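Take a look at the letters that make up each chain.
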Amino acid sequence: MDVSRRDLVKLLAIAAGAGLAPRRLEAADGPARLLAFEPLGNVTLLHITDAHATLRPVFYREPHSVSGVGAERGRPPFLAGAELLRAYHLAPATVEAYAYTDLDFPTLAARYGRMGGYAHLATLIRQVRDERAGRTLLLDGGDTIQGSATALWSRGEDMVRVSNQLGVEVFTPHWEFVYGLDRVKELFGDREQKGLFGGDFVAHNVAELNWADRPFRPFTIRDVGGARVGVIGQAFPYTPVSHPRRFVPDLTFGIKEDGVQALVNELRDGKKVDLVVLLSHNGVAVDVKLAGRVHGLDVVLGGHTHDALPQPILVGRTLVVNSGSHGKFLSRLDLDVQRGRVRAYRYRLMPVLSQDIPADPNMARLIEEIRQPYEAKLSERLAVSETLLYRRGTFNGTFDELILDALLRGADAQIAFSPGFRWGITIVPGQEITLEDVYAHTAVTYPNTWVREMTGSEVHRVMEDVADNLFHPDPYYRQGGDMVRLGGLTYTIDPSKRVGRRIRDIRVAGRAMEPTRLYKATGWASLAEVDGPPAWDVVAGHLRSLGRVRLAPRTRVRVVGRKGE
Amino acid sequence: MEKQDGGHNVKHGTAVTDSHGLTRRTVLMSLAAFGVAVAGGLAAAPGTAHGQALGQNESVEEALKRLFGGKTIKDGSAAIKLDVPLIAENGAVVPVSVTVDSPMTPASWVKHIYVVADKNRIPVVTRVTLAPEAGRAFMGANIRLGESGDVRAIVEQSDGTLLQVKREVKVTVGGCGG
Chain F
1 MDVSRRDLVK LLAIAAGAGL APRRLEAADG PARLLAFEPL GNVTLLHITD
51 AHATLRPVFY REPHSVSGVG AERGRPPFLA GAELLRAYHL APATVEAYAY
101 TDLDFPTLAA RYGRMGGYAH LATLIRQVRD ERAGRTLLLD GGDTIQGSAT
151 ALWSRGEDMV RVSNQLGVEV FTPHWEFVYG LDRVKELFGD REQKGLFGGD
201 FVAHNVAELN WADRPFRPFT IRDVGGARVG VIGQAFPYTP VSHPRRFVPD
251 LTFGIKEDGV QALVNELRDG KKVDLVVLLS HNGVAVDVKL AGRVHGLDVV
301 LGGHTHDALP QPILVGRTLV VNSGSHGKFL SRLDLDVQRG RVRAYRYRLM
351 PVLSQDIPAD PNMARLIEEI RQPYEAKLSE RLAVSETLLY RRGTFNGTFD
401 ELILDALLRG ADAQIAFSPG FRWGITIVPG QEITLEDVYA HTAVTYPNTW
451 VREMTGSEVH RVMEDVADNL FHPDPYYRQG GDMVRLGGLT YTIDPSKRVG
501 RRIRDIRVAG RAMEPTRLYK ATGWASLAEV DGPPAWDVVA GHLRSLGRVR
551 LAPRTRVRVV GRKGE
Chain R
1 MEKQDGGHNV KHGTAVTDSH GLTRRTVLMS LAAFGVAVAG GLAAAPGTAH
51 GQALGQNESV EEALKRLFGG KTIKDGSAAI KLDVPLIAEN GAVVPVSVTV
101 DSPMTPASWV KHIYVVADKN RIPVVTRVTL APEAGRAFMG ANIRLGESGD
151 VRAIVEQSDG TLLQVKREVK VTVGGCGG
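Protein chains in written order, with the working numbering: chain F, 1 to 565; chain R, 1 to 178.
Isolated chain F, as found in the complex (with noise of 0.2 Å):
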C-alpha cells in the first residue's frame, strides 16, 4: 500500500480515466487513489459481504481492540487501531485511517463523511465491469438481509431486491437462515429450483439432519476472463448454536473440511476448473486455519468477523482475503490466471466513501421506493447524542451501553446481557438518533426481551461459555462474535486462561456477586421463545425519555493477562 509519487500520479491518471472525478487531486491523502486501480490480469473478483442490510451510508467504527490469543495476538487479522497503521505503513489521520480504524473517528468522520451505500457501491462496482467487461465475479458472502427495519418487515426480500440490481453473481449466507430454511428458499431457491435471487446461491456444508442430502447447490463455476472459476459456498458453520434451533430445525452445518478438499479436489480434476475460490462466512480466524489445511485453495473471499483486511493474509498459495461490514468496502482482487495457476494478483479494500462516489440513479431509486412506505416512521428523531456511540470492541461498546441501560430500567433488574452482535452502526457526536438506528442495532428475528431471576453461578456460567467461543485456542471452535455484553455488573478477564478460569471479581452494583445468590436478570435475542417486548421498543423508548444521550466513560471490564492492557 506504500505509493509513491509518481505511483500516485499513475494512479490518479487512471482514475480520471476510470470516470472517478478526483475531489482532492492535490491532496496526498485525497481518497482517489484509493479508488483508482491498475488493472492486472485476466480475473477480477468484486467481494462484499456483511451489508448487514445497510441500504444507505453510514458511519461504521472499525473496533478499538481485537482479541487475539496465544501466537495469534498482534498479527493480522488480530491487529486495530495505531497497530494496524503500522502493519500496513499507514499514516493516520488519513482516508485509510478513517476506513480502516477507529482513530480520530469523529474528526475523520466529518472530513470524509459516510461510507456505503448500495447506491454508490453500485457505481463503483459499474465502473469496474465497465474497464473489465467479461473479466468480473461479483461475490456476496451473506449477512446480508438482515441488520434494518425493512429488511426485517420484508423478511429479507428488500435486500434480494438490490442484489439483484447489485449484479450480485454468487452468494453464501448466515444470518439470512434467521428468516427460516422455507423463507431462505423462496428468497434463493435451493437444488433444484430458482428463488428470487438472480445469481448463485452456494452453502456446500448446510444438510439435512437425517440425510446429510444437501439442500443447496455446493459449488458453482463461471467463466471468467477466459479462465474456469469454481466458488465454493461456506455458510457459517454453527448457524443452528448461534440462533434459536427452530428456524432451522432439521439442518445441520458445520466447517467440513474434509468436504472442502473434496469439493477442491473435484473441482481441480474433474472439473478442470482454472481457479478455486471459496466463498467463506467462517470468520477470517477459521478461514486461516482452513487455508492451511485444505491443499489446492487459491483465493478465500471470507466475511462474518466484520475484519476489515487492508491486505490479503497469504497462507501457503492461498490468498484469504476479508471484506469488512455495512457495505463500508468493496475488495478488488485482481488475479493473472494462466493455466490452472494464479501467476499474479493486485488486491485492495476499496472504501467506498459515498462523498466521493455519486450515488447510482437507478438503485437509488430502488432503496427509495423500498423505504418510502416507512419513511416518516423511520426517520423518527428519538435523542441527540453527545457520546461517540459504537458497538464493535471486543468487550463493550457504547451503544451497547445504551441498550444495557435501557433493559436494566425497562425490567427493574440488576443485571442485564446483550449479545455481542458486531453489526449496527456508529452515531457520531451531535447526531440524532433514529428509530432506523435503533433496528439497526435489534433487527432480529428473534428481539424479544426476557426477565428471570439466576444464580450468580448461572450467570458466571454464561460469560464463560461465551468468552471460550472468542478465546478458544482454536480458532475451529470459536464463534466469531465479540463478548457478551453485561449490564449492572463489572468483572476482570484473563482470555489466555482455560474455559472456568478466564472471568473473575464479578461484582453487581460494586459488591461481589455470590454463586448461589439469585439476581434479577433480563436480556433479549434468547436462543429460547420467550415474549417480553422487543428490544426495539425498549431501547426507543429509553432514548426518548433521555432525550440527550451522554454517557460518562465506564470502566465495566477489566483485561487482565495481555501485553499493553
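Worth flagging that the hints you see were computed from the coordinates, not collected in a lab.
Just so we're clear, the structure is a prediction, and the values are computed from it rather than from any experiment.
Backbone N, C-alpha and C fix where the C-beta goes; we use that ideal spot for every residue, glycine too.
Check before you lean on any hint, since a few could be wrong.
To be verified - Restraint-style ranges between C-beta atoms, simulated for each label pair:
#, chain 1, residue 1, chain 2, residue 2, range
1, F, Asn164, R, Thr129, 48 to 58 Å
2, R, Gly70, F, Asp182, 55 to 65 Å
3, R, Asp83, F, Asp531, 37 to 47 Å
4, F, Gly296, R, Pro106, 32 to 42 Å
5, R, Asn57, F, Arg317, 45 to 55 Å
6, R, Asp75, F, Arg317, 22 to 32 Å
7, F, Asp223, R, Thr129, 49 to 59 Å
8, F, Pro473, R, Ser108, 36 to 46 Å
9, R, Asp83, F, Arg452, 31 to 41 Å
Using the hints provided, position chain R relative to the given structure of chain F.
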C-alpha cells in the same frame, strides 16, 4: 437402519448390550437421572429397578481402568479417524463416527470400537463389536453429551492392542455475534 437404543442411535456396527454394563436399562436409568424424558416406546420400558449400577458416576479414569485394566492405550491418530462436531448443535444428539484404517482379516482385525465421553456421568457411551466379515472398521452413533469435554474413540484390535484418539466437543449455551 437406525436402532433406537436410549442414549444413542447406533447406525452401523453392532449395538452394545454386554457384560460391561452398557445395557439399555442402564442407559434409561441414566437418562432418568438427568431428568430427560426418553422418547418413543422406550419410555414405557419397565424394570429399571434392576438396572446395574456399573458404569455410573465413575470418572473416565475409573472407567478406562475397569475396561482395560492398567493396559497402555497408545496414540491412534495415525489410524483412527474420529468424526464429531467441534461444537455440538444439540448436546442431546451428537453424531459421532469412527473409521479405523486397519485390515479386517481373520488374522488381524478391529475387534471393538469404544466411544467415551469424559465428562458424561456414564463416560463409556458405547462399544461396538466388529468381526472380520464387516469388511471395514467403521461405526457411527448419535450420543448424548451432558457438557463440554473430550470425546474419545478407543480401538481394541484382535491382538489386544489399544489405540485412542480424542477431540474436544463443546456443548455451548450458544448465541452469536457476527
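Going down the list of hints, with the structure as the test:
For the pair asparagine 164 of chain F and threonine 129 of chain R, the supplied restraint of 48 to 58 Å holds, since their beta-carbon distance comes to about 56 Å. Take glycine 70 of chain R and aspartate 182 of chain F: their Cβ atoms lie about 56 Å apart, and the range 55 to 65 Å holds. A C-beta distance of roughly 39 Å is found between aspartate 83 of chain R and aspartate 531 of chain F, which places it inside the suggested range of 37 to 47 Å. Take glycine 296 of chain F and proline 106 of chain R: their Cβ atoms lie about 40 Å apart, and the range 32 to 42 Å holds.
Evaluation of the 45 to 55 Å hint for asparagine 57 of chain R and arginine 317 of chain F yields a pass: the beta carbon distance comes to about 52 Å. The supplied range of 22 to 32 Å is met by aspartate 75 of chain R and arginine 317 of chain F, whose beta-carbon atoms lie about 31 Å from each other. For the pair aspartate 223 of chain F and threonine 129 of chain R, the beta carbons lie near 53 Å from each other, so the given range of 49 to 59 Å is met. About 38 Å separates the C-beta atoms of proline 473 of chain F and serine 108 of chain R, a value consistent with the hinted range of 36 to 46 Å.
Between aspartate 83 of chain R and arginine 452 of chain F the C-beta distance comes to about 37 Å, which sits within the given range of 31 to 41 Å.
Figure legend: structure checked against the earlier numbered hints; every hint is met.
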